[in-house]
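Novice: Spelled out, the chains give:
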Amino acid sequence: MKLLVKGGRVVDPASGRDQIGDVYVSEGRLVESFKDKPEKTIDAKGLVVAPGLIDLSARLREPGYEYKATLESEMDAAVAGGVTSLACPPDTDPALDEPGLVDMLRRRAKALARARVYPIGALTVKLAGERLTEMAELAEAGCVAFSQANAPLADTNVLWRAMQYAATFGFPVWLRVEDGSLARGGVAHDGEVATRLGLPGIPAFAETLALGSLLQLVRATGSRVHVCRLSSAVAVEMVRAAKDEGLPVSCDVGIHHVHLSEMDLGYYDSNCRLEPPLRSQRDRASLAAGLADGTIDCAVSDHTPVDEDQKQKPFAEAEPGATGLELLLPLALKWGAQANLPLAKTLARVTSDAARILGVQSGRIATGAPADLVLFDPDELWRVGPGALKSQGKNTPFLGYELAGRVRATIVAGKVVYERR
Amino acid sequence: MPPSSPHNPQLNANGELQHLLSIEGLPPEILTQILDTAESFAGVTEREVKKVPLLRGKSVFNLFFEASTRTRTTFEIAAKRLSADVINLNVAVSSQSKGESLLDTVANLSAMHADVFIVRHSSSGAPHLIARHVKPHEHVINAGDGRHAHPTQGLLDLYTIRHYKKNFTQLRVAIVGDVLHSRVARSLIHGLTTLGVPEVRVIAPQTLLPAGVESLGVRVFHDMRAGLKDCDVVVMLRLQNERMNGALLPSAQEFFKHYGLTADKLALARPEAIVMHPGPMNRGVEIDSSVADGAHSVILPQVTFGIAVRMAVMSIVAGN
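From first to last, the protein sequence lines are chains A and B.
So the first sequence is numbered by the working numbering: it starts at 1 and just counts up by one.
So the second sequence is numbered by the working numbering: it starts at 1 and just counts up by one.
In short, the hints are calculated from the structure, not lab data.
All C-beta atoms in this analysis are idealised placements derived from N, C-alpha and C, irrespective of residue type, glycine included.
Don't take every hint at face value.
[Unchecked claim] What follows is a list of derived Cβ distance ranges for each label pair:
| no. | chain 1 | residue 1 | chain 2 | residue 2 | range |
| --- | --- | --- | --- | --- | --- |
| 1 | A | P386 | B | A13 | 23 to 33 Å |
| 2 | A | P342 | B | N14 | 43 to 53 Å |
| 3 | A | T41 | B | A111 | 53 to 63 Å |
| 4 | B | R132 | A | A154 | 31 to 41 Å |
[Stated by the list, open to error] Derived coverage of chain A by chain B (criterion: at least 3 residues anywhere in the stretch with Cβ under 8 Å from a Cβ of chain B; other residues may be distant):
| no. | stretch |
| --- | --- |
| 5 | 69-83 |
| 6 | 142-156 |
| 7 | 180-193 |
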């Protein structure tokens, strides 16, 4: 199958190239050019042609939570949002702690033939933080990293051993950092807004204490660690220092946390009930700056579809999480515009930089790379609302917002998997 | 702020009180209107026929998702004195335990033609959620939600202070004890700052103060003797039993020694200072009996005023 994407603004975040041109696709890969007539030609005039987005955290809710979302609905959402690769955390029911489950998930995803799915295996059995999973078996089944998702790992000895074991095989460990006892019962940033609203708080040092411990364990084990969902200014500083020191750490931030703060809770907007919690304006500014200067390697959607019933509850009782696959691109563009970044650099945080962490060849426009592409109009405005979202989760703090940047077509392995005219 | 978020969920398009969810965000004119209306009702309570027909034909649903005797009873009395029909629902032991959602419970009651919902819930913000979903002619009054607010208690505290002290703008008020978990404290602080009290103090150990409490406009004291000095009003907060021994406090005894109100500590306040308590009191934990029953105490009048204040709130929202 030969495909020609003609006359678009081709942006390659990996090299910084940004120019009008054609993109040639053959046999699922990008090629220099071809002489024969393409089977399909897409006119990309006026559109940006970029590598498909790579989202390092998107919950597909299968197995176990099909009433919140199905693989099918969320894979539709992914490609509608221009996401061509996604890593899914292991907090399904049952958790992704057995090769059979991982294998099944990958097969199901493959059969749907939309975005590429990279499962993250559970670091401990049932995410209970007690026994290690069979990481080598899980890796063979297709797990690309190991994680506790949002489940706490209270036992530092287990964490140490898990990191040692993962390092033995060279498996990366992806961890959210939060001291479980400090976070227990908390639902919002322990600050002025939580005090005013009477919500139990989670102090920022719940994150930095756990990050401090984790960095010590990285020094002790040499384990390659990706720190997930930073939420505080101090944590950004700590990662910056750790990278300067040469530690093998990378990190990401949820795209919501780049834009929103505790102020957005308003009158108990349960769509702003997120894990980690939205913190102060100062924290938000540091996250946005850290993402711009590269301290934070990439931005993720942390896509978490939640059913309406679980959100129509008092704030503290509402289930945390926000839908995000279809918002990642416009919210990344919004951040890039606010930070005055060139488009290539903005997109790098959701493409090539994520590819580097995931260890995959996609995320760039270069000869031989997988033909995973997104075509979008960076200026097209659309209003976020239930009808505009393919995800089964309609829960987003951006409900009613008008955002710029809308996907026209998404291509995975040379096949058009989404197209909007 | 998302464009969908309401500017002030308590007020209607004319800026009048539609629901009473929190004292925060209410203009001083509305607070004064409530206090003035309550004053006009105070006489009703003294009469032989303690009824006015303002809410005749209206249904008031007492919707208590969290146990309460005193607050529920005072709301019931207040509604009956306004000639309303009062329906008490102890939701804590009925539909919610059968798994019905909060909004379904409210929708069902709404189908029975309610006019006013009096809501108490253990989760902060629950009355806001209900207020967003009721019909335009229905009103929600918050009777205490989590740690967030207890606006009618705050209003009756303001009423009591105004009754004894007249002018808010020359007062020094101290609030003592478990501010961290107290919805009463939050409501009163907002009320006092809105009505122009120049100095509101909170007195507590660090473990019983929420993060950034100064942002509410209060001065923080850890030493009770220093904090009480020259105060005109002393408000003692209840310390819940389950908080007395644990990670927040070592013992009720030690708390009483440092933060309990005794006659000798009270002597540091102004000679004509009044002592308040939202009840129920823990004698010997936050307050000594000699003070609770002493000349400075206005704790029982607070309860009486509470009925007039709740009549005022109900008649105002139902009239708007």
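Novice: Now, for every hint given, state plainly whether the structure supports it.
Specialist: Hints, one by one, checked against the model:
With their beta carbons about 26 Å apart, P386 of chain A and A13 of chain B fall inside the hinted range of 23 to 33 Å. Distance hint check for P342 of chain A and N14 of chain B: the Cβ-Cβ separation is about 51 Å, which falls inside the suggested range of 43 to 53 Å. Our hint of 53 to 63 Å for T41 of chain A and A111 of chain B holds, since their Cβ atoms are close to 59 Å apart. The beta-carbon spacing between R132 of chain B and A154 of chain A, approximately 37 Å, falls within the hinted interval of 31 to 41 Å.
As drawn, the stretch 69-83 of chain A meets chain B at 0 residues by the rule of a beta-carbon pair under 8 Å; below three, the given contact is violated. Given as covered by chain B, the stretch 142-156 of chain A fails the check, having 0 residues with a CB less than 8 Å from a CB of that chain where 3 are the minimum. A stretch counts as covered by a chain when three or more of its residues have a beta carbon under 8 Å from one of that chain; for the stretch 180-193 of chain A and chain B the count is 3, and the coverage holds.
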